[in-house]
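S.K.: Taken in sequence, the protein lines are chains A and B.
Just so you know, we're using the numbering used here here: the first sequence kicks off at 9 and counts up by one.
Just so you know, we're using the numbering used here here: the second sequence kicks off at 664 and counts up by one.
Hints were generated in silico from the structure; no laboratory data involved.
Hints may contain errors.
[As the list claims (entries may be wrong)] As a list, the in silico DSSO-like pairs of lysine-lysine whose alpha-carbon atoms are at most 30 Å apart: (1) K42(A) to K288(A); (2) K762(B) to K16(A); (3) K762(B) to K103(A).
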Amino acid sequence: MQKFFSNKKLIILMILIIVTFGLLAVTVNIRDNKNTPPVVQQVGNDVVSVVGGVFAYPTNAVKNATSEFSDLYNTYSENKRLKARIGELAQNQAKLEVVQDENKKLKQELKLNDTLTDYTTVNASVLSRSPSSWQSYLTINRGQTSGIKKNMPVMSGKGLIGRIVEVDKVSSKVELISTDNELNDKFAAEISGDNNKNITGVVSRYDSSTGDLVMENVNSVKNIKKGQSVITSGLGGLTPRGLYIGKVYGIKKDNYGMTNSVYITPAAELRNFTVVTVIKSSVSGEK
Amino acid sequence: MNIKTRKIFGQVLFILFTFYLDGLMKWAFLNNMNHGIIIVLPQLMLMAIVMLTMRIDDRRQLITYGIVFGLIYDSYYYGIIGLYTILLPLLMIGIDHFKFLLVKNNMGYELSIYFLSLTFLQSGIYLLERLLQQTNTSVFDFITYTLGPTLLWNVVVFFILYIPLANLSEWLVKYRRDNK
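Given these sequences and hints, build the entire structure.
M.R.: Structure (structure tokens):
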């Protein structure tokens with residue numbers, strides 16, 4: 009009897025281990041290779057996120073209110089600086105409208121439908137963030153029904169913050185650009201040079217100690233200056249061209265002195281926002 | 664609806680509420696995305712789970728709670744199923760198993776149980792994720808920047824919230840049998 013019991017416990021333990029690793033392996037594979045998780049999981053996540061909205065909206069309201077307070081704190085100096093820029097801005101906007109119009113007409117002339125710079129946007133509000141160290145996900149309240157697909161880039165007010173990693177029916181998960189996960193978060197980027205020579209590379213890492221993004225595989229570092237802006241280059245599938253990532257902070261060589269990494273201060277204030285924008289590229293690239 | 668069903672409904676609501684609080688806390692207050700390498704993970708659901716496990720005697724009910732809430736947690740927050748789904752029931756069975764050592768519920772005892780379970784859970788998740796190559800953080804970085812701050816934050820919160828949480832879970836579990 010004693011022997012039988014110990015055997016039974018062993019069997020349970022064995023089954024438990026098999027089930028654990030089976031489940032983990034299957035779900036990781038599905039996440040990496042399929043466009044959507046299984047329907048059961050989608051529905052489950054949707055129900056949880058819809059109910060979660062009840063708690064999320066008051067939290068977001070509080071978050072907005074507190075950030076308004078901190079905004080109020082440095083309003084005076086900011087106002088001075090902004091006033092100086094308003095004139096410039098209005099002028100730029102007028103110019104932009106004219107150029108956009110012209111661009112559209114020229115495209116029609118050339119019979120170009122959509123180029124890499126064309127995209128539409130979907131706004132979504134954030135429901136929660138994963139309490140997990142390595143899955144830095146945000147859950148947002150838009151999904152397949154709003155036309156969101158896996159791997160679409162996501163922006164907050166000022167710049168790029170991440171990419172869609174899982175799509176359910178009415179909710180989805182955004183993996184932040186500041187993630188540690190080396191497999192997923194890479195953006196093809198370019199630094200706009202002075203004389204029409206764009207320097208391309210891949211934003212592939214996040215340096216958590218300084219809070220900088222790191223751009224690697226840069227083709228030349230000759231003309232890179234501190235303060236130049238970095239945008240997406242549109243060469244990476246579902247990401248259109250011209251999304252603002254940040255500003256160049258500095259260049260470092262790697263430990264062997266072989267390759268150069270460009271350090272970028274991200275434009276997006278990755279803290280005080282409650283609404284994000286999902287970018288739908290009009291040109292569908294390769295999957 | 665008899666009193667038992669109502670109490671179970673209350674327990675489920677309690678755990679669900681803390682489940683949402685985990686994500687919202689991380690989103691609203693501990694959202695260190697731009698700067699800082701220290702990662703604090705709020706684990707309020709684990710608090711509720713530990714509190715209830717200390718008071719519920721029905722092991723089958725505990726395992727059901729563990730699996731159901733583990734599944735929801737994994738699916739909603741991690742996108743990988745099998746971390747909380749396995750570790751949470753194991754943890755609850757463990758606590759239930761050694762509960763007999765307890766003479767009287769007191770704060771120090773529950774605090775240490777919570778401390779141990781949090782360490783177990785986070786280390787388990789770290790090991791599994793490391794195994795599946797979801798992270799390449801070294802063990803020392805994990806202990807210094809994730810486990811340490813997480814334990815500190817959560818133990819302080821546990822200390823602050825102990826009295827209301829303990830009273831609430833006590834009320835959610837205990838009922839007089841004749842009071843149908």
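S.K.: Now, for every hint given, state plainly whether the structure supports it.
M.R.: To see whether the hints hold, each was checked on the structure:
Note on K42(A) and K288(A): the hinted pairing holds, with a Cα-Cα distance of about 19 Å set against a maximum of 30 Å. Simply put, K762(B) and K16(A) have alpha-carbon atoms about 23 Å apart, close enough for the 30 Å limit, and the pair holds. Restraint check for K762(B) and K103(A): the C-alpha separation of about 73 Å exceeds 30 Å, so the hint is violated.
Comparing the model with each numbered hint stated earlier shows that hint 3 is the single one that does not hold.
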